[in-house]
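As you go down the protein sequences, you meet chains A and B in turn.
Residue 1 is where the first sequence starts when you use this note's numbering, and the numbers rise one by one after that.
Residue 1001 is where the second sequence starts when you use this note's numbering, and the numbers rise one by one after that.
The hints are simulated quantities; they were obtained by calculation from the structure and are not laboratory data.
We put the CB at the ideal spot given by N, CA and C, even for glycine.
Just so you know, not all the hints are guaranteed correct.
Claimed, not checked - With a straight-line cut-off of 20 Å between C-alpha atoms, the simulated EDC-like cross-links for lysine to aspartate or glutamate are:
1) K1344(B) with D75(A)
2) K1331(B) with D75(A)
3) K1323(B) with D89(A)
4) K1122(B) with D1060(B)
Unchecked claim - Where chain A lies over chain B, by a calculated footprint (3+ residues, C-beta under 8 Å):
5) 1010-1024
6) 1092-1104
7) 1335-1341
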Amino acid sequence: MLLLKFIQQLIGTLNSDGTPRQVAAGIALGAVFGLTPLMNLHNLVLFGLALILNLSMAGVFLGWAVFVPVGFALDPLFDAIGKALLGADVLRPLWTSLYNMPVVPFTNFNNSVVLGSFVFWLVTLVPFYFLWKWAVMRYREKVYERLKKMRFFQLITASKLYTTYRSFTRFVP
Amino acid sequence: MKLFRWKALIPLALFFAVVVLAWVLFVDRLIKLGIEAGGTAVNGARVELASARLRLFQGDLRLRGLQVTDADQPMRNLFAVDEIELDLGLRALLEKKFDAETVAVRGLTFGGARKTSGALPKRAAKTAPAAQTRDTVQGWAHKLPIPSLDLGSLGKALDIKGVSPDSLQSLAQARALVGSGDSLKTAWDGKLAAANPRPVIDSAQALAKRLSGTDIRRLGLSGARDAAASIRSELTAIKGARDRLTSLQNDVTGQIASLRSRAAALDQARAADYGYARRLVKVPSLDPKDLATSLVGPAALQRMVPQLAYLHILDHRIPPGIKPQRQAGPKRARMAGTTFVFPKAHRYPALLLEFAEGTFTLPGRTTAAGDYIARLTGVTTEPAVYGKPLTFLADRAGAVAVGPQRIHIAGTIDRTGEVPRDSVVADLTGVGLPTLDIAAAGARVDLRTGVQDISFSRVGDSITGRWFVHSDSVTWSRHADSAAAPAASAPIGSRAWLDALVWGAVSSLKDVEIEARIHGRFASPGFDVSSNIGGAVSRALGQAVAAELGRAETMVRAKVDSLVGPQVSAARARLAGLDAGPLKALTDDRSQLDGVQAQLEQRLRSLAVPGIPGLRP
Chain A
1 MLLLKFIQQL
11 IGTLNSDGTP
21 RQVAAGIALG
31 AVFGLTPLMN
41 LHNLVLFGLA
51 LILNLSMAGV
61 FLGWAVFVPV
71 GFALDPLFDA
81 IGKALLGADV
91 LRPLWTSLYN
101 MPVVPFTNFN
111 NSVVLGSFVF
121 WLVTLVPFYF
131 LWKWAVMRYR
141 EKVYERLKKM
151 RFFQLITASK
161 LYTTYRSFTR
171 FVP
Chain B
1001 MKLFRWKALI
1011 PLALFFAVVV
1021 LAWVLFVDRL
1031 IKLGIEAGGT
1041 AVNGARVELA
1051 SARLRLFQGD
1061 LRLRGLQVTD
1071 ADQPMRNLFA
1081 VDEIELDLGL
1091 RALLEKKFDA
1101 ETVAVRGLTF
1111 GGARKTSGAL
1121 PKRAAKTAPA
1131 AQTRDTVQGW
1141 AHKLPIPSLD
1151 LGSLGKALDI
1161 KGVSPDSLQS
1171 LAQARALVGS
1181 GDSLKTAWDG
1191 KLAAANPRPV
1201 IDSAQALAKR
1211 LSGTDIRRLG
1221 LSGARDAAAS
1231 IRSELTAIKG
1241 ARDRLTSLQN
1251 DVTGQIASLR
1261 SRAAALDQAR
1271 AADYGYARRL
1281 VKVPSLDPKD
1291 LATSLVGPAA
1301 LQRMVPQLAY
1311 LHILDHRIPP
1321 GIKPQRQAGP
1331 KRARMAGTTF
1341 VFPKAHRYPA
1351 LLLEFAEGTF
1361 TLPGRTTAAG
1371 DYIARLTGVT
1381 TEPAVYGKPL
1391 TFLADRAGAV
1401 AVGPQRIHIA
1411 GTIDRTGEVP
1421 RDSVVADLTG
1431 VGLPTLDIAA
1441 AGARVDLRTG
1451 VQDISFSRVG
1461 DSITGRWFVH
1471 SDSVTWSRHA
1481 DSAAAPAASA
1491 PIGSRAWLDA
1501 LVWGAVSSLK
1511 DVEIEARIHG
1521 RFASPGFDVS
1531 SNIGGAVSRA
1541 LGQAVAAELG
1551 RAETMVRAKV
1561 DSLVGPQVSA
1571 ARARLAGLDA
1581 GPLKALTDDR
1591 SQLDGVQAQL
1601 EQRLRSLAVP
1611 GIPGLRP
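Okay, chain A solo, but in the shape it has when bound (with noise of 0.2 Å):
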């Protein structure tokens, strides 16, 4: 159920009415969701920002989802990148400014994890941008047209939950 419920959402964002641009930023701001551990300030601020931002939000709530499984099998390198930071004597008087600060260290930034993931998701998010948007481009181009023809995916785009996921995504690009 889940896994079409996942389907159902691809499916639904790459052809929802939004831009490419739009669809991609989304994703590229949702994997923060994924590749970061959940419940930190900086999480709280970026879901605000992304209900601002003019782009798709089922492309948020797509790259969240995709992102998710790629957080848990990357926690190893996060926190190396994270004990690498942390550690390191150059940046020490930073995090020291920032450790003492208000408000920041709600972001639970000091832990390994949370600043190797969120600082791997800084890094590729302008790359993953411009890869997305040129996923969904394709898609649109190529892919759609012949998926299109699938019985497979007339199933799945013609059940219930893709028909309210589509009424409730027409609100929202």
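Given chain A, put chain B in place with the hints provided.
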């Protein structure tokens, strides 16, 4: 395309409203659950809280109905508090830190009964930090050197063959001293040869002899100038030689002084070896201190263990100095990672209780009953950041109706610098004292009421601790098995004989004083006990087995002397050799240099003519 989606402001506001609502609805419950879970994990038994109420903008947190279970007695509370009111610093909260500027504690009671058991499942209780600390400190206490009182060797032939030379401190020290003496002598011989002043002395003496009796008029002006120049050149060479000798002599004198102090320590080491050999062949010591340590040491140590456990906790929980620290990250479905802490001087520490005060009453008519006042300042997880030490004080308040005449507990835990400095003093007069089990003598002493002083002081790695009790109304009782044993027919040295002897010596004591001391390095301190119990037993033992012990002592000393004596003599001979050899040679050479220098200076003065270049005085 527009960058912002303004119509999304409404869902955004709704979203944040939901977040705020969730906070308002659940924060008190989260605080309650957090305190219960954290407290239980640390305590190793249930910590329960009836309610928590946070008024964020007033900076006010009220905790009601706190119960902390005694991990050793799960149906009793370690303590319970009706209400705790904390005045919180909002600025610190914004930095995700906890600063309780003042804490008022009301209705504190100790040791009350619980309605339900506060025990945890066994595994959780065993892995709790408090339980682990108790185990660690108990393990540490068991390693302390407390001699056992064993008189099994009395009345038997002593087997002194077991005294191994390898275990004797004085032998090892004497061997090391001989080695050091030999290597120093070899080194000094080389240096003495290099600094040999003989050529300088010979040359100077030859010049002095050549110039002796010569007259400035026969030498002429130029001859006199040449002679004066030669003398000055020789004097320079003498000064250089003497400087070399002085430096060498200082070196030799210093190292010989060090060897002498090591030689002086040999006597102490030999005394320790006598003690070691005595214990090995089970010859009992009649020293009252040794006997007191054997008899009441284990019980006294148990009274000191809780204080040491607190120090141990502090060592692990409160690291000294301001350094970034690493901790395991929070438990979650994702990898926990490592959380770094970046403390900064004079900012908020992660947890701070600036000032706490509470009054409490111990009800009933027990000896501890009465009103108390307690104050705590500077409780923090990062004392170096806070910059002030933790202080605590508990005193009797009001008139004394029943119970102790004086209770005063005070202390300072200073971890603000790199070197930890802790001190605790407890002065309790008229308190109920414990019953001590003197297992080594099959007896028990109920100290009833009296004076109890506890003090601990710790600077860096070194610790001194004292536990003192005095009571003039003690009562004695015997273990059932000891009382039943037939003492009259028991062979000398047997357990029954010892129990009867100790019982006879101590059972008439009404006035008992015990002083236990811990001293030395924290990791491996020394421990000894003085008590009039030891003195009484020593006298009784001395009367009963004086001849037997004297014979055993002589045998043990002779054995140690036979193993150690030659090596100690060799060490002392080496030392004497160094005094007579290199040191004497250096002294002789220096006096010869002084002599020839005086001769040459006298000749130079006789050649001096004022106003003539090269011959001016």
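Each hint, compared with the structure:
Our distance criterion of 20 Å between C-alpha atoms is broken by K1344(B) and D75(A), whose separation comes to about 29 Å. Between K1331(B) and D75(A) the alpha-carbon distance is near 14 Å, which keeps this suggested pair within the 20 Å criterion. Between K1323(B) and D89(A), the direct Cα distance comes to roughly 12 Å. Compliance with the 20 Å bound is thereby established for this hinted pair. Between K1122(B) and D1060(B) the CA atoms are separated by roughly 37 Å; this puts the pair beyond 20 Å, and the hint is violated.
Coverage of the region 1010-1024 of chain B by chain A holds. Counting CB-CB distances below 8 Å, 5 residues qualify, and the rule asks for three or more. Coverage of a stretch by a chain is defined here by at least three residues with a beta carbon nearer than 8 Å to that chain's beta carbons; for the region 1092-1104 of chain B and chain A the count is 4, and the condition holds. Given a C-beta distance limit of less than 8 Å, the hint that chain A covers the region 1335-1341 of chain B holds, as 7 residues qualify and 3 suffice.
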